[in-house]
Amino acid sequence: MSVSIDMLLAISMTLGIYLLAEQLYRRAGRSSLVHPVIVSIFSIMGIITLLGWDYPQYQRDTQMIHFLLGPATVALAVPLHDNMALIRKMAMPLLVACFTGALVASASAVILSDLITGDDVLSLSMSGKSITTPIAIGMVENLGGSGSLAAGLVLLTGAVGTLLLPSLMRLCQLHDHALYGFVLGLTAHGFGTAQAFEKSAKCGAFAGLAMSLTGVATAFVVPPLVPYWMTGF
Amino acid sequence: MVLGFLVLLVYWLAGEAISQWIGWPIPGNVVGLVLLWFTLTVLRKVPQPVADASKILIRYLTLLFVPAGVGLIEHWDRLMANGHWMLLIIAASTVLSALSMIAIFKLFRVKTP
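From first to last, the protein sequence lines stand for chains A and B. 1 is the number of the first residue of the first sequence in our numbering; add one for each residue after it. 234 is the number of the first residue of the second sequence in our numbering; add one for each residue after it.
The hints are simulated quantities; they were obtained by calculation from the structure and are not laboratory data. Don't take every hint at face value.
[Unchecked claim] Okay, derived cross-link-like pairs now, DSSO-like style, lysine-lysine, Cα gap no bigger than 30 Å in a straight line:
1) K202(A) with K278(B)
2) K278(B) with K89(A)
3) K199(A) with K339(B)
4) K89(A) with K288(B)
5) K344(B) with K89(A)
6) K339(B) with K89(A)
Please read these numbers as outputs of a predicted model, since none were measured by experiment.
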């Protein structure tokens with residue numbers, strides 16, 4: 001790997017924009033509409049368009065950052081291990097709820113997308129929409145979808161989830177903080193977990209647990225099932 | 234710190250090897266995650282170097298997927314053609330999934346201490 005000016009420029013720009021986006025997020029009261037990832041992605045899209053770079057070049061230049069997603073995903077085992085202690089007494093019902101929720105989230109998105117849009121790449125990428133981005137990218141790329149599209153759909157799901165879920169749970173009268181967090185983390189991954197931590201520490205811990213469990217459960221169960229959810233496969 | 238990082242890389246490597254060996258389309262890093270989770274469950278604690286390395290990677294997890302996210306730029310036509318459907322499908326799927334879980338909680342009368 002030879003270091004080029006372009007590469008240093010691409011990496012510095014990515015880190016710089018991200019840090020600025022984090023500041024903006026803090027100043028804006030942590031609203032998920034200005035989530036640092038969303039702001040960073042769209043700002044960098046604008047900048048590389050203005051500079052006349054193409055995405056494959058930017059992708060090659062920032063491979064070093066992308067590579068770290070590998071160990072970072074493995075590292076999710078640590079919070080998962082810490083949080084598992086929380087559910088010892090009610091592990092069974094929560095695991096059943098987790099598998100059901102994960103399957104419904106993935107299958108309904110793939111089936112609806114296949115029926116409505118008929119776009120195979122989009123439908124395959126929908127399969128990971130409710131799971132945490134690092135796992136979604138790897139799973140969707142293995143399936144033949146697009147990792148970038150999957151990342152976009154995951155972010156959209158997070159934003160939509162944090163907007164819809166609080167009213168839905170009020171409607172269904174789910175007040176238990178732990179269960180409330182579990183639903184938020186399962187359907188809206190990191191976004192939901194951040195919102196759950198604003199409610200209470202317990203709510204946040206259960207959301208974080210649901211997020212990691214769902215990521216693992218989905219990555220193991222969903223890939224072989226996806227072909228059966230799509231017509232013409 | 235470097236030791237912790239090495240541990241994460243070796244688990245990732247083992248995960249990739251297993252995933253290729255069984256030919257199941259699971260990402261190797263998720264298999265590595267599960268292997269490390271089993272190890273931690275057996276050890277009943279998190280060794281300090283692993284805890285340190287994980288903490289720093291997870292702290293900046295969102296930064297790590299920015300390069301992949303920028304790739305949405307290659308799907309602009311798709312977003313313009315089907316963006317409204319994507320939003321609708323995601324909203325419907327989120328509600329369905331949440332309702333299925335809430336139904337299970339009510340059915341089994343799940344309560345937390």
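Next on the checklist: For a quick check of understanding: which of the numbered hints are violated here, in increasing order?
Outcome noted: none
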